Structure formats: structure tokens, C-alpha cells
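Peer 1: Below, each chain spelled out in residue letters.
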Amino acid sequence: MTIQQQTWRLLDTGTQAAAQNIALNRALLDARQAQQSPNTLRFLGFEPCALLGFHQSAAQELNLDYCAEHGVAIQRRITGGGAIYFDTTQLGWELYLDKQTLGTADMTAISRRICTAVARGISSLGVNAEFRPRNDIEVDGRKISGTGGAFDGDALMYQGTLLIAFDVEKMLRVLNIPAEKLSDKAISSARERVTNLETLLGRIPERSEVIAAIQAAIAHEFNVSFAVGELNTVEQALYQTALAEIDHPEWVGMIDLPASDRPTLTAVQKFTGGLLRVNVAYDQVKQRVKQVWFSGDVFISPRRTLIDLEAALRDSHVDNLDGIVRDFFASRQVDMLTLTPADILGLIKMAIQPVEVVA
Amino acid sequence: MATVRGCNVPDDLYYNVDNNVWARREADGTLTVGMTAYACSLAGEIVSYTPKKAGKEIEQNKSVSTVESGKWVGPVKAPVTGEILAINPDVAAKPGTINADPYGSGWLVKMKPTDWDGQSGALITGGAVATAFETKMNADGFGGC
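Taken in order, these protein sequences are the chains called A and B. Read in order, the letters of the first sequence correspond to residues 142 to 500 in the numbering used here. Read in order, the letters of the second sequence correspond to residues 6 to 150 in the numbering used here.
Errors might be hidden in some of the hints.
Some chain A residues judged to face chain B by a derived CB distance under 10 Å, without partners named [to be verified]:
#1 Lys240
#2 Thr257
#3 Gly287
#4 Met395
#5 Asp397
#6 Asn461
Calculated from the structure, these hints are not laboratory results. Values in this document were obtained by computation on a predicted structure and should not be read as measured data. Note that the Cβ used here is the ideal one computed from N, Cα and C, for glycine as well.
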């Protein structure tokens, strides 16, 4: 006996402005929740934009002057996570499903399953892509796809970027990430953390080739086939409503927090094995480490260790740092000469400790 | 206090099981609203909380707050229609309080219900709570808290 294979819809909405794309996120999720939409795999492209995570503030995350001067639109996603720079050199992918389809409501499990499947699709292009907890797809320690999700009742949307080619310098200029001050060193440092298909393959793959690879991987993972579709009338109506809300300064400015609440803090220490610097984007109000960026010349093998630790530490409450660092080093073999996990933890704490003002 | 698959679900509260939300009827007729321990377990550590503003009228099954965990964002839905009376400053300062104490200090909003008698019949309380959550956890393929 064979089980009837489901057919999911394949949507390709081409390249659009950020507001249009995010409004479609809202419309398609709402329609899926109202059971007015089928399960859908959507591909999309963006005109140059900075996309905030749902709970982020533009003043904290972005270089607003640069965005204004260079025509980089600013939008707020309906999904969580951090700000990203998106332009026409990247491909967006999204799944609209319900929890019954996935057979679980566990958010971590859903992220892992979808990311692992998409990583398999990316790998079929000739690279070694893997899921990296919590929400990245990476190639040899370098991020190639960032992801996030939104849910409403039993419906969910899970989305990601895929870097086909990428302008790292532009990313550094748009985003307030705690990298070194913009320089050749900063650019090479960023290239140790992000990669793209052009760099890995030595050519820019056709958009259709990349879409086919991801589509095939999703089809295999969920045992489904795809039929190319269009927006239905319910979705079109929801889209117009969503666009009116989202293509509006009130939506983008919905969370507006001062940059001074989320400074980049630095600590540097000389160890026997070399110098280690840590820059920490730190939410002083919620006491959360938003992003960590290590640099220096300490000996650590494998080399990607500190970059993997950055991923593990992302958006962590200060109370959880000890456990994260301990678990991270307990779960892998690392050679650091005389440097210890406690040294690294101590350096992070040195960066974020409250400054005592001496009268 | 009922426990289903390791998740606490106090049976003196009122639940919308599908939305994984609870309400406590206070002595003055107001409601305290929050996420269930089961919802917290599915979400993982909650890192952001954006409630609707005090004074706003929210319809039953519409969002009283948005929460984020592990890059997932979603609404917490009003168990009944009512006006938001208060939001939780402790949760705003430390959203992980929701996970640590979902039925206590991790409450999300306080509401003044518009028609408690008319709408609360759709909520589950008392002896039916454990069975309802067992059914939901089974449908969700949930292993346990």
C-alpha cells in the first residue's frame, strides 16, 4: 500500500520591496491559520533593505544615517532574531505549514527539522552545509543562511535567507554588529563568519538552480510534491490589509529603544597563548548578551571554535553564561594550550560588568 | 494541582487549551492571564515580551501579548474579551520569568472581562483540565515537560 503523496503549493514572488514581502508573510500566515491557504513553499527576493527582528529597535541595531544616505529601506519582520541586511544577491525561502503536518509543536524540533532539510538542499549544490543550533545553516563554521519563525495557533511560517553572493562590507556598514571598526581587518573577520555560494562554488549559481535544490530537499523531507501556484483571493485581500499596517512608520517604529541601552562593550586580555579581545553587544536593561565577537591571536584548534561559541552565546541572559560556556566546551574537543573556558567566560564578564564610577 | 506529562496545569485556573493560555478569576472579578507550563516547554526560554497597552480592549482569541523564544515569535491570545488593566513590568525586565514561574510572577496581563459569564463557558477548568491537556499533548506529539 502506498500513502497518497500530498501536493504543496510553490510560490515564487520574485524581487519586491521589503514592506511588500513582510506584508505577504503576515497575509500568508493569517490565511494558513484560517485554513484558507495550502501548505506552501515560497521563494522571494528583496530590494536592498535592513530587516529588524520583530522585537528589535532600529536605533539600536542599524546605522540609520547610512541606510538613509544609501537607499537601504528599513523594515520589521514578523519573525524573531536579529537584524539582517538583505539585497538582490540573496534568496529568501519560506515554509507555511501547520503543526499537524510537522507532527510536533516543539519549536526547537521544528527549527532543526526544517533547517536540516534546507541544509541538505544547499549541500546538493556542491557545498557542505549543516544546521548549527540554534537557528543557522553554516558551511565549515561560516553562516550561509539565517532563519526564524512566526506562529499563530496551529499555523506557522519558517523563513530563511540564503547568501548566493554577498557584500560583506555593506553588511558591516548597515548593521550595528560588534565587529572591529570598519577596516580590511573587519571585512576579513566578517568573512570568517559568513560565506556565500559564489565564494564556495567559484561561480554564481542560477536562481532557478538554487530554488530547485531547496525544493527537492523539502519535497524529500516531507514526502510531498509541489505545484506552482498563485495567491488566492483571500490571501490577496489579507495582503492589502497587512500592507496598510506594515508599510507604515508606526510598524517600523513599533519598538523604539535608545542606542545607549544596548552599547558594544569590549574587554581585552593577554594570555600565554596570545591576545584575546571580545566585543559584546549588550542589552543593559534586560541584561542579555545580544551578540559576541571574538578577535585576537590566541591559539585555538579547531579555528572555528570561538565562532561557534559566538553562535551559542547569541541572545543569552547574563545568568546563563556560565552554563552555556561550560556545556559548549564539555561537548567538543578543543586545544587551547593554557587558555581555559573560565578565561573566556571571565573576559566576557569583564566586558559587561557595570562600570564603577569613582568620585 | 494537576500534572500532565510532567507539566503543571493547576486545575483551579480556566484554560483555552488550544491557545495554551490560562486565566485566574481574582476576587474583584478581574482576570490574570498567562501562558501554560506546557506552552513554555514548547517555546523554550522566552527572550522578549511585548504586551498590548493598558486600556486597550482585546477580543476573545486575539493577541494580548507577543512573545519570542529561539527566534520564534507568536501571540498569546485573550481567553475572553476584556480591557487590559495592567502589564507585568517584571516580565518586561526579564521575560524568562514566564518560564520560571508561568502561573505566578510570570503572568502576562491583567484584564477586566467584558462578559465573563457569557464567554467563560468555553474555557476548561477543574477535573476536565488534565484530560484536555493529555489530548492536546498527544495531538502535538509532545514527550513531556
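Peer 1: Could you run down the list of hints and mark each one as holding or not?
Peer 2: Structure-based check of each hint:
Taking 10 Å as the C-beta cut-off, the interface hint given for Lys240 (chain A) holds, the closest approach to chain B being about 7 Å. Because the beta carbon of Thr257 (chain A) sits about 15 Å from the nearest beta carbon in chain B, more than 10 Å, this interface hint is broken. Hint status for Gly287 (chain A) relative to chain B: holds, with the closest Cβ pair at about 9 Å, below 10 Å. With 10 Å as the threshold, the beta carbon of Met395 (chain A) comes within range of chain B, its nearest partner Cβ sitting at about 8 Å, so the hint holds.
Proximity of Asp397 (chain A) to chain B is violated relative to the hint, the smallest CB-CB distance being about 12 Å (cut-off 10 Å). A least Cβ separation of about 8 Å between Asn461 (chain A) and chain B falls short of the 10 Å threshold, and the interface hint therefore holds.
Hint check: violations occur at hints 2, 5; the rest are consistent with the structure.
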